[in-house]
Structure formats: C-alpha cells, structure tokens
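Chains V and C are the protein sequences, given in the same order. With the numbering used here, letter number 76 in the first sequence gets 76, and the count goes up by one each step, no holes. With the numbering used here, letter number 125 in the second sequence gets 125, and the count goes up by one each step, no holes.
By construction, these hints were calculated from the structure, which means they are not laboratory data. Fair warning: there could be bad hints in the mix.
[Claimed, not checked] List time: in silico DSSO-like cross-link candidates among lysine-lysine, alpha-carbon distance up to 27 Å: (1) C:K23 with V:K26; (2) C:K23 with C:K113; (3) V:K84 with V:K34; (4) C:K192 with C:K80; (5) V:K64 with C:K192; (6) V:K26 with C:K21; (7) V:K73 with C:K21; (8) C:K190 with C:K29; (9) V:K84 with C:K23; (10) V:K34 with C:K113; (11) C:K141 with C:K190; (12) C:K84 with V:K64; (13) C:K23 with V:K64; (14) C:K84 with C:K192; (15) C:K141 with V:K26; (16) V:K64 with C:K78; (17) V:K73 with C:K190; (18) C:K192 with V:K34; (19) C:K141 with V:K73; (20) C:K139 with V:K50; (21) V:K26 with C:K113; (22) V:K84 with C:K80.
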Amino acid sequence: MEFKDLDPILHSQLRLAVVSLLISVKEAEFTFIKEKTNATAGNLSVQLNKLKEVEYIEISKQFKDNYPQTLCKITPKGIDAFEKYVNALQSYMRP
Amino acid sequence: MEDKEFSHEESIRLINTMISKAKKSYVTKGIGPMVWGALIVFCSLFTWAQIQFHLLPDVDIWFLLIFALLPQIYFTIKEKRQRKFTAYEEVVTGYVWTAFAISIFLTSFYNSKYGTNESSTLVMILYGIPTFITGGMVKFKPLIIGGIACWIISAISIYTPVQTDMLLMALCGLVAWLIPGIILWNRYQKRKAEHGV
Numbered sequence: 001m002e003f004k005d006l007d008p009i010l011h012s013q014l015r016l017a018v019v020s021l022l023i024s025v026k027e028a029e030f031t032f033i034k035e036k037t038n039a040t041a042g043n044l045s046v047q048l049n050k051l052k053e054v055e056y057i058e059i060s061k062q063f064k065d066n067y068p069q070t071l072c073k074i075t076p077k078g079i080d081a082f083e084k085y086v087n088a089l090q091s092y093m094r095p
Numbered sequence: 001m002e003d004k005e006f007s008h009e010e011s012i013r014l015i016n017t018m019i020s021k022a023k024k025s026y027v028t029k030g031i032g033p034m035v036w037g038a039l040i041v042f043c044s045l046f047t048w049a050q051i052q053f054h055l056l057p058d059v060d061i062w063f064l065l066i067f068a069l070l071p072q073i074y075f076t077i078k079e080k081r082q083r084k085f086t087a088y089e090e091v092v093t094g095y096v097w098t099a100f101a102i103s104i105f106l107t108s109f110y111n112s113k114y115g116t117n118e119s120s121t122l123v124m125i126l127y128g129i130p131t132f133i134t135g136g137m138v139k140f141k142p143l144i145i146g147g148i149a150c151w152i153i154s155a156i157s158i159y160t161p162v163q164t165d166m167l168l169m170a171l172c173g174l175v176a177w178l179i180p181g182i183i184l185w186n187r188y189q190k191r192k193a194e195h196g197v
C-alpha cells in the first residue's frame, strides 16, 4: 500500500486545530479560536500567520463597537489541503 | 494547546473534537420562533373569534405580523453581533427564511387582490417548509416535527371550514414555533447557567 505524505503545515497540533475549527464555520474571530484551542495569544498569532503565508486562511482586521476585531476564514486552497490531509490520514489508518 | 507534532490517531481525534466544538458553539436563544409563534397563535385565535362570534371589530389583525418583523430583525442582529463566529447554518437559514418571508408576502398580496378565503391551507404548507429545513440543518427535532405537523395540519384543513382553519393555524404556530422556541430558550438558559454560554 502506498502511503501519502502528510502536509507538514497541517500536521501540527495547533494549526490542525485552527483549520478544523475554521472548516466548520464561515468565519471566526481571533478570540473565538483562542477560546476553543486554549492557545496563548502569541502562539496563536504565529500559527495563524503561518497558515496565512501558505494561503490556507485569510485574515482580515476591522472595528466592532470601537474595538479592533480580527476575523479568520479558510480559503479554497485551505479546504483542499484539509481534504487531502484527511484522505492521507485515512490511508494510514486503513488495515 | 502547544504547537507540537503528534500521531495519526491523535490527528483524527483532534479534528473530531474541534469540529464538534464548533458545532456546539452555535446556540440560539429561540426568541425569534417564540415571538413569531405567539403572534401566529394570537392572530389565528383572534380571527377565529371574529368569524365565530361576530363580536370583535372587523380589523385585519394579521398586520401585527409586519410589526413583529421589527423586533425579529433587532434580535437577529443583536444575536449575530454577540456571536464570535458566523456559522454556515446561519447563512443558509437566512436565505431559507428570506424566501419564506417573500412567499408569505406574495401569498398575502394575492389574497388581498383576489379575496380568497381558502388560502390558509397554502399558508400552512409554506409554514412547514422553512421549519422543516431549519430543523434538519441544525439537527433540532422539535422543528422537524413542527414542520411535518404543519403539513399534516394543512392536509386536514383542506376538508375544514375557514373558522376551523384558524384554529388549525393556531395549532401550527404552537407546534412549529412557540414550543420549539420555548425549548430553545430553556436550553440556552440551562447552558448559560452551566457554562456561561
């Protein structure tokens, strides 16, 4: 059986958690992702930027009730990468 | 959560956990269905009393529904602003209920132009559509049951006179929106007490 390579960007706990969360919603605030992943703000920022660099997610900044708000959204490239990652994982798990 | 590598089993577990967390985050207070359901019940019973007893003033109480849209829009916007994410369900239900509102408006316009008294069956069929779809989408059985109940009641109303149709419509409002709305409200309050939402 041929094993597919796992995407190194996604095969990291926090980045995979972020992408799994974003695949389930249309968009999410930074605070929501932080709350659900229990990550520190600094570490989360670094990982979000890594995901942004490879164009798996989009990050936009705006103001909500006079407070800055960071919104994250998965891109079609991110969805494709996530699907390939899950397929690769399944190929490993098959008996 | 640290940024570390992990096994394939852990990956699958993490994906499932995060998807489940996202799904569980989508909670609604149920104010919209409660207000809408209560109004449908009230307007239907009022119209029934008008026809049955000829005692009440000859006013079209259904205009109240237009006024009900304002608090509905207000609560929807307020709930959306408080939420830290936008769920796909929210986007789709938005389209479904907009389609429903337009269909109800067009049906009412058709009635006012042609003065048909038999349109309550059509209205109840329409009630069932967004209720059933929303229930299926958010996996909330009371709404699915409510939608099906609307269709069963609408089938019964084919054989009943107009005043009975009004009682049946009140029943639709009760099972499709008021009761599911109360269940959602209680669920929200319970969750708020346990997890602070």
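(request) Of all the hints given earlier, name the ones this structure violates by number, lowest first. (result) Result: hints 2, 10, 17, 19, 20, 21, 22 break, sorted rising.
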